[in-house]
Every structure is written in C-alpha cells, then in structure tokens.
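> Just so you know, the protein sequences line up as chains G and L, in that order.
So the first sequence is numbered by the working numbering: it starts at 1 and just counts up by one.
So the second sequence is numbered by the working numbering: it starts at 1 and just counts up by one.
Bear in mind the hints are in silico, worked out from the structure with no lab data behind them.
Take these hints with a grain of salt, some might be off.
Simulated DEER-style distance windows between Cβ atoms [as the list claims (entries may be wrong)]:
1) G:Lys5 to L:Ala65: 23 to 29 angstroms
2) G:Ser19 to L:Ala65: 19 to 25 angstroms
3) L:Gly148 to G:Glu6: 25 to 31 angstroms
4) L:Thr15 to G:Asp9: 30 to 36 angstroms
5) G:Glu186 to L:Ala65: 45 to 51 angstroms
6) L:Thr15 to G:Glu186: 52 to 58 angstroms
Below, a sample of chain L positions facing chain G; criterion: calculated Cβ distance under 10 angstroms [claimed, not checked]:
7) Pro8
8) Thr15
9) Val18
10) Thr19
11) Gly22
12) Thr26
13) Arg27
14) Arg36
15) Ala39
16) Gln44
17) Leu115
18) Glu122
19) Tyr131
20) Leu158
21) Leu161
Every residue, glycine too, gets a C-beta built ideally from N, C-alpha and C.
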Amino acid sequence: MPDEKELRDLLASADAPNSLDPAVVIRRAKRRRLPQQVAAGAVGVLAVAGIGVLAVNLSSLSSPLATTSDQSALSDEAADAPSDEFLTQKRLGANAINVCGAVPAAPEPSRYGLELTVDFPDVAPANAAAVDGQVTMTNTSAEIVSGMTAIAPTVAVIQDDLVVALSGPAEYAVQMIDLAPGQSVEYATSFSPVQCSADGDAGDNAPLEAGDYELTALVDFTPAELGADEPALADLISGPRSQLTLQ
Amino acid sequence: MAKPRQSPEWESVVTRLVTERGDALTRYAYLICGSRDDASDLVQDALVKTFGRLRNGHTISSAEAYVRRAILNTYLDSGRRTSRWRKIAHLEATPEIDDAPDGEVQSRVDLQGELMKLRPRERACVVLRYYEDLKVDDIAQWLSISPGAVKRYLSDALARLAVSLTDEEADRA
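My request is simple: use the sequences and hints to build the entire structure.
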C-alpha cells in the first residue's frame with residue numbers, strides 16, 4: 001500500500017529525455033501568430049473606422065490628432081491562455097485623422113522608413129465625377145518591411161492649408177505587404193472633387209472651384225512582428241504633398 | 001528610418017524557458033501523459049500554443065505557468081488521452097529494476113506502473129496534487145471541474161493504486 005510520501009518521491013524522481021529545440025518552437029509559433037495579426041489588424045481597421053465616423057460626427061474636435069483609445073480582441077482559441085494583447089490603437093486611424101475643414105496632419109517620419117507619394121494628374125476637370133490617381137508606398141529603409149495596411153490610403157485635398165475634400169469611404173479590407181529596401185507598392189485610389197462637410201456626407205455639396213490644390217495621403221501600417229522595444233501601435237505612414245489644379 | 005530589428009521579446013522568453021526549464025517541463029509532461037517519447041512533443045505543442053499568440057511581457061515564471069497549463073489541457077483535450085499509456089505501460093517498466101532484489105525499488109516500479117495505468121484525469125489530479133503540490137480547489141480551477149470531482153478522482157486514483165498493488169503482491173505471494 002503506497003503512502004503519500006512514496007507517491008511524492010516517485011513523482012519527483014521521474015525523468016524523461018528533453019529534446020526541445022527553441023528554434024523549432026519559435027518557427028512554429030511565428031506561423032501561428034501571423035494569421036492572428038492579420039485578423040487583429042482587420043478588426044482594428046473596422047474599429048478605427050468606427051472611431052473615424054464618431055470623430056467626423058463630433059466636429060468639435062479641435063485637433064486632428066486628438067487621442068483616443070481602442071483595444072481589439074479576438075475570440076480565445078485555446079482555453080489555456082486567458083488573455084490576449086493585440087496591437088493597441090492609441091490614436092485615430094489614418095482615415096479619421098484628416099478632418100474636413102481642419103488643418104491636415106503634418107507628415108511624420110515612419111518608424112519603418114515607409115513613405116507615401118501621391119501621384120495624381122497635374123490637372124483635372126473640376127466637374128469630374130471622380131479624379132483617379134495612385135499612392136505609392138516606398139520602403140526607404142535598409143531593412144525588409146513586412147506587415148499590412150488598409151487596401152488604400154486616405155487622400156485629403158487641401159486648399160489654404162485646410163482639408164476641403166477627402167477620398168471615399170474607408171475600405172475595410174487589408175493588404176499584406178513585404179517590401180525589400182527601395183521597393184514600392186502602389187494603391188489605386190480616387191476622390192470626388194466635391195466640397196466635403198463635417199458630417200462626412202458630400203452628396204449635396206458643391207463641386208470644388210477651379211484652382212490650385214494640394215494632395216496628401218495617410219495609411220496605417222501594422223508590422224508583421226514587433227521588435228522588443230517597439231511600441232504596440234500601428235505606424236502612421238505619410239509623405240509630402242503633391243499639387244493638383246482643377247479647371 | 002527603420003531601426004535594426006531585434007528579436008521580439010517573446011522569442012527570447014521562449015529560448016530562455018526551453019534552456020532553463022526544458023527538463024522540468026518535459027518531466028511534468030511525462031508525468032501527465034505517461035510517455036517518455038511523447039513528453040517533448042507535448043511540451044513543444046504547448047509552447048507553440050502559448051507563444052503562438054500576440055502576447056508580450058511574460059517573465060520566465062509566468063510563461064512557465066502558462067505552458068504547464070497548456071501541457072495539461074493539450075493532453076486532456078487531445079486524442080493522446082486514449083488509453084495508449086495503459087496499453088503500453090508494462091513496456092515502460094525498466095527491465096533491470098524488475099530483477100532488482102530491493103523491495104523498495106520493486107515497490108516503486110509497481111507504483112509507477114500502476115500510476116501510468118490511471119485514467120488521464122485521475123493521473124492529472126494525482127500529478128497536480130502530489131507533484132505540483134496544488135490544493136484541491138486549485139486543481140479544480142486548473143481542470144475546470146468542481147472540487148468534489150477532484151476529490152473523487154484523487155480518491156479513486158489512490159484506491160486504484162492501492163488495490164492494484166495489493167492484488168499484485170497477493171499474486172506474487
């Protein structure tokens with residue numbers, strides 16, 4: 001008849017060969033993490049869009065970079081892990097930063113060396129239904145940059161340093177990117193040359209008058225992996241303004 | 001400009017955990033699943049499950065707690081819990097110990113063999129109680145069962161161990 005001490009001794013003396021390889025564990029864990037990051041980003045884009053709508057409705061926002069917070073979470077897949085920590089969006093999403101009638105956000109350097117270039121025709125008809133163009137995101141760093149963005153950046157049309165028109169409703173799909181140093185990815189986009197309004201509805205608004213305008217674009221970038229000292233925030237990617245003449 | 005990329009924090013926690021606590025985790029997995037061959041695989045699966053999520057800020061000890069729990073749940077939730085152990089338990093006995101004249105050693109082998117024939121949840125309760133030194137309420141929380149069920153599993157397991165050993169000793173006599 002075994003007693004408790006015997007049982008404890010037996011269990012304490014158990015031994016088994018350890019053939020664990022940390023490299024294998026890390027490789028398998030990375031494969032498992034990526035789809036979650038994509039999903040987290042998609043949820044984040046949706047959540048940020050919600051914040052954006054709220055921000056537009058609350059036209060009393062004094063600063064386009066006013067901070068708010070949102071934390072996304074996905075359903076738990078394993079009962080053994082009680083909590084998740086996804087990238088936390090501690091500012092407005094890129095599609096909500098530039099607000100109609102406000103001063104556009106000043107470009108800031110990307111943590112990852114990403115830069116946007118806005119490429120629209122130099123001249124476009126003021127009465128066009130839409131002006132088509134493209135935004136190019138270039139990796140200006142010396143490192144490969146992997147992650148995801150919205151399927152198209154948000155373009156703002158600026159006159160007298162105020163936003164007068166914005167590109168269409170946010171697309172909630174995301175796009176994976178994997179850019180070598182110097183490599184670029186192009187996004188097709190367009191905007192209606194119509195005066196925007198603070199409530200976000202440009203339907204009945206007047207067309208933009210003929211004249212000179214500037215264009216700028218913003219997009220959020222979520223890295224595939226975070227370094228040890230990197231903040232858990234999507235990186236806001238921007239770039240220099242370009243010129244456009246409506247006539 | 002982009003900064004030089006460092007390994008994410010979770011990767012260094014994995015490396016340290018495997019290096020510093022790999023033996024202990026494998027031993028724990030062996031006690032849970034009852035197979036030396038499967039123990040490392042079980043730990044690896046648990047590590048992947050734990051770190052294959054978007055989580056940072058773990059210390060080695062907090063990560064180990066998650067992994068231990070994942071080992072237990074992975075085993076209990078998977079097909080591994082089929083009675084494989086009970087089928088092969090007799091093959092795991094070390095031959096030279098079978099021949100040992102020392103009564104204490106013989107008793108230990110008997111106990112180990114019988115322990116490995118327990119049902120998975122019975123063995124889990126025994127391991128958590130007598131190896132991890134958890135209280136009944138804590139075991140109940142780990143296994144998401146009632147404290148009463150834990151007591152029942154422990155009681156049945158100890159009775160089974162005692163009965164089996166008693167029967168075998170009677171047979172040997």
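> Quick one: which hint numbers does this structure break? Sort them smallest to largest.
6 and 18
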